[in-house]
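Generate the whole structure from the sequences, applying the supplied hints.
As you go down the protein sequences, you meet chains P and B in turn. Read in our numbering, the first sequence has 42 at position 42, and its numbers run on one by one without any break. Read in our numbering, the second sequence has 2 at position 2, and its numbers run on one by one without any break.
Misleading hints may appear alongside valid ones.
[Unchecked claim] The following label-pair restraints were derived from C-beta to C-beta distances: (1) P/Lys11 / B/Ser15: 31 to 39 Å; (2) P/Gly87 / B/Leu39: 44 to 52 Å; (3) P/Pro124 / B/Ile25: 31 to 39 Å; (4) P/Leu31 / B/Tyr94: 16 to 24 Å; (5) B/Asp69 / P/Asn88: 20 to 28 Å; (6) B/Thr49 / P/Lys11: 40 to 48 Å; (7) B/Asp69 / P/Lys86: 21 to 29 Å; (8) P/Leu36 / B/Lys73: 24 to 32 Å; (9) B/Ile25 / P/His12: 41 to 49 Å; (10) B/Ile37 / P/Ala105: 45 to 53 Å; (11) B/Phe95 / P/Asn88: 53 to 61 Å; (12) P/Leu91 / B/Tyr42: 24 to 32 Å.
For the record, the hints were derived by calculation from the structure and aren't laboratory data. Even for Gly, the Cβ is constructed at its ideal location relative to N, Cα and C.
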Amino acid sequence: MSNHSAQIAHKHRDDVGSRMGMWLFLFTELLLFGGLFLIYAVYRHEYIAQFRVAAMELNTTIGALNTIILLTSSLTVALSIAALQKGNKILSILLLIMTNILAFAFMINKYFEWSAKIHHGIYPGSEHLLNLPNGQILFYGLYYIMTGLHGLHVIIGLVFLTTVLAFIITGSVNKNNYVKLENAGLYWHLVDLIWIFLFPLFYLIQ
Amino acid sequence: MQEKHSHENHNISYSKYLLVWVSLIAFTSITVTIAGINLGDYTLGIALTIAAIKSALVINIFMHIKFEDPVFKVFLSISGFTLIVIFTLTFFDYFYR
Numbered sequence: 001m002s003n004h005s006a007q008i009a010h011k012h013r014d015d016v017g018s019r020m021g022m023w024l025f026l027f028t029e030l031l032l033f034g035g036l037f038l039i040y041a042v043y044r045h046e047y048i049a050q051f052r053v054a055a056m057e058l059n060t061t062i063g064a065l066n067t068i069i070l071l072t073s074s075l076t077v078a079l080s081i082a083a084l085q086k087g088n089k090i091l092s093i094l095l096l097i098m099t100n101i102l103a104f105a106f107m108i109n110k111y112f113e114w115s116a117k118i119h120h121g122i123y124p125g126s127e128h129l130l131n132l133p134n135g136q137i138l139f140y141g142l143y144y145i146m147t148g149l150h151g152l153h154v155i156i157g158l159v160f161l162t163t164v165l166a167f168i169i170t171g172s173v174n175k176n177n178y179v180k181l182e183n184a185g186l187y188w189h190l191v192d193l194i195w196i197f198l199f200p201l202f203y204l205i206q
Numbered sequence: 001m002q003e004k005h006s007h008e009n010h011n012i013s014y015s016k017y018l019l020v021w022v023s024l025i026a027f028t029s030i031t032v033t034i035a036g037i038n039l040g041d042y043t044l045g046i047a048l049t050i051a052a053i054k055s056a057l058v059i060n061i062f063m064h065i066k067f068e069d070p071v072f073k074v075f076l077s078i079s080g081f082t083l084i085v086i087f088t089l090t091f092f093d094y095f096y097r
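See the structure below:
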């Protein structure tokens, strides 16, 4: 076993390069969401009063709860990396499982939130929505696209984190080689970062 | 082992992460509380400022940018700057149309 790990240690590897690749990808994600935030900014400026009315319908409590869930999941993934660096494999695995559970909880909340909206007849193209003023239609369009795209990122993050979790359990991601876990963590933190802006822009307008 | 583990020397303690998390939760409650008070036009500015502080905490500590090679900070600044340019140009066009 020690012979085997010595072999791994001498394999060519560039951890800084790996992380840089991940960061470059995250910048493209930033531009993708940046474009949507730009659309939001322009239309909010155009329809400021109607955006306020529409935002009143959103459930601030669910939004705040999801913010806390995501911030906590960001903590657990950061702690999971720290635990693996210190060689505490079990703790790292437990923290990563916790991150997955929190991500799952976020999606469950999102499911109930969207269901309630759809139940009230508010969804793209619905008769109720199309009878509302333009600003409100735009608000809900952006709401579904931006939180939907964010939700898609949560699901991708879940898959990414679960894959790395399997790698930690089998030992191919370990104390001496954890850049995959770091990259999954970076992706997860980006999901958190985007939500940090989505939350006030959609849920906290009064 | 000759590999570079540039930030291995900067192992962050569990308690530091916890402290960051507590601050993030605190900022979240502040932003929710402020949104409840009617501050008119200032509400958005305050909410976005708090969001920016929260992002800085996440990027610097959780994402380790504070401890990374300078080139990471350069890349981050370039992408942030690009976004600012896109926003500014769009709004210039929009306001003076």
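Consistency of the hints with the structure:
no. : hint                           : verdict
1   : P/Lys11 / B/Ser15: 31 to 39 Å  : holds (34 Å)
2   : P/Gly87 / B/Leu39: 44 to 52 Å  : holds (50 Å)
3   : P/Pro124 / B/Ile25: 31 to 39 Å : holds (33 Å)
4   : P/Leu31 / B/Tyr94: 16 to 24 Å  : holds (19 Å)
5   : B/Asp69 / P/Asn88: 20 to 28 Å  : holds (27 Å)
6   : B/Thr49 / P/Lys11: 40 to 48 Å  : holds (46 Å)
7   : B/Asp69 / P/Lys86: 21 to 29 Å  : holds (23 Å)
8   : P/Leu36 / B/Lys73: 24 to 32 Å  : holds (26 Å)
9   : B/Ile25 / P/His12: 41 to 49 Å  : holds (42 Å)
10  : B/Ile37 / P/Ala105: 45 to 53 Å : violated (30 Å)
11  : B/Phe95 / P/Asn88: 53 to 61 Å  : holds (55 Å)
12  : P/Leu91 / B/Tyr42: 24 to 32 Å  : violated (44 Å)
When held up to the earlier numbered hints, the structure conflicts with 10 and 12 and fits the remainder.
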